[in-house]
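Novice: Given chain A's structure and the hints, the job is docking chain B onto it.
So you can see what is in the structure, the chains are spelled out below.
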Amino acid sequence: MKAARKVIMVKVQVKTILKMTVNGEPVEVAVDPTWTLLRVIREELGLTGTKEGCGIGDCGACTVLMEGKPVNSCLVLALQAEGKEVRTVEGLGTEENLDPLQESFIKYGAVQCGFCTPGMLISARALLDKNPHPTTEEIKVAISGNLCRCTGYVKIIQAIQQAAQQG
Amino acid sequence: MQSYEYYAPRSLPEALEYLAENTGNCRIIAGGTDLIPALRKEDIHPAHLLNILEIVEARGISETGETVRIGAITTFNDLADSELIRKEFPLLAEMALLVGGPQTRNRGTIGGNISSAAPAADGLPVLLSLDAELELSSRRGKRSLPLNEAITKAWTPAWDDDEMITAIKVNKLPPGTRTKFYKLARRKALARSRMTISLILRSGSGGEIEELRFVPGSVMPVPRRMEEVEKLLTGKVPTDELLDRAARAVGEEMVKVTGIRWSTGYKKPVLGNLFRIVLRQLITAG
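First to last, the sequence lines map onto chains A and B. Numbers given in my numbering equal positions in the first sequence, counted from 1, plus 35. Numbers given in my numbering equal positions in the second sequence, counted from 1, plus 129.
Isolated chain A, as found in the complex (with noise of 0.2 Å):
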């Protein structure tokens, strides 16, 4: 009776509240099983630097940073981050203090519409945190899963190889 009851619990608990890390900071939301992470992220935390462009895991623009591995967060139920560790654009900089990818994306002109700089950033970061000192072939792989439309990618490669070198 008591195994029984114990199984009943954790199937009401992970169909109703998500506990999770984002940014750092612990957060504790009610969502719907159906709900992908991504929707979790723009619309019940308001974080919208994370963007939605394909919904089918094709573009990229939707990564983000799960367990320090980039995932799409369209292609991820939000239950399925229950315990995880997420990071997002917000979690990369402060307006005041940048991380060294944004800058140099700043100063290399890597953005044109920026719809798929978050992502870009976030595949650029997992990189850059598990190779500091990528060659243009790696820094080409770990961003082929995000697809710029104003084919910018030259610029890209330019801004992540300079982040790489200064840090």
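Derived by calculation from the structure, the hints in this document are not laboratory data. Just so it is clear, CB atoms sit at the ideal spot from N, CA and C, and this is done for glycine as well. Among these hints, one or two may not hold up.
Unchecked claim - Ranges between beta-carbon positions, derived for each pair:
| hint | chain 1 | residue 1 | chain 2 | residue 2 | range |
| --- | --- | --- | --- | --- | --- |
| 1 | B | Arg269 | A | Thr129 | 52 to 60 Å |
| 2 | B | Gly394 | A | Asn166 | 30 to 38 Å |
| 3 | A | Ile141 | B | Thr285 | 32 to 40 Å |
| 4 | B | Gly153 | A | Gln200 | 34 to 42 Å |
| 5 | A | Glu60 | B | Ser191 | 33 to 41 Å |
| 6 | A | Glu102 | B | Asp260 | 27 to 35 Å |
Specialist: Coordinates of chain B only, in the frame set by chain A:
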């Protein structure tokens, strides 16, 4: 998206119990890279969703003697990063690094790739060339099923609804074996395979082919070893003339399965030529 009940147990027995109780209207979710788009498009309408990503028994890569056990929820990036996989089955790591993009490789799992059973699934041809076996678990117990019996129809696993893959088991290859995975696609990344070649080769001291295993991917509804082509080459020294004959046989074997389609004029010669190019690379690499 539609509504469903979501359950994320931490132990295998709890998962198997849930699966058995909800047979027929429960879908298993792991990385979600196939399932979430399908839910979004309302191609599927499960009443229950079972997340298996927290199940320890389905995680990790380990070896016991000559067998390597790959947990079903091992992601493509886990495969590519694994020292053991890179050493024992380099073609599996090569394949993993060519799937999708970094974000999808961090989520998509090898068990999910098999279960979706897509004709263009890259994990299937590689694991078929390795003669992999599935470890299937259910409330009734555990059993092994050879992969070539597990998927006999596109998009349709042949195991029972109350079973799930907990691991993939692969035997190590004999010393001196060389392997290669080649992918032809429209782009370098985020691209579905148009054709793939999975090859395993062991040559004898006289240059003759001792063992050859070949599985083409993405060209047939369900990938399988091309045993006719393997037999044509096994025990023989691969002369240019023999390789030409084998390349033609590859195209012919494909057409026997697919029939003539609009794309056959392209695929038939290209698949044969790719086979010959990759096999020649493997032969000269040793």
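Novice: List in ascending order the numbers of the hints, as given earlier, that are violated by the structure.
Specialist: 2, 3, 4
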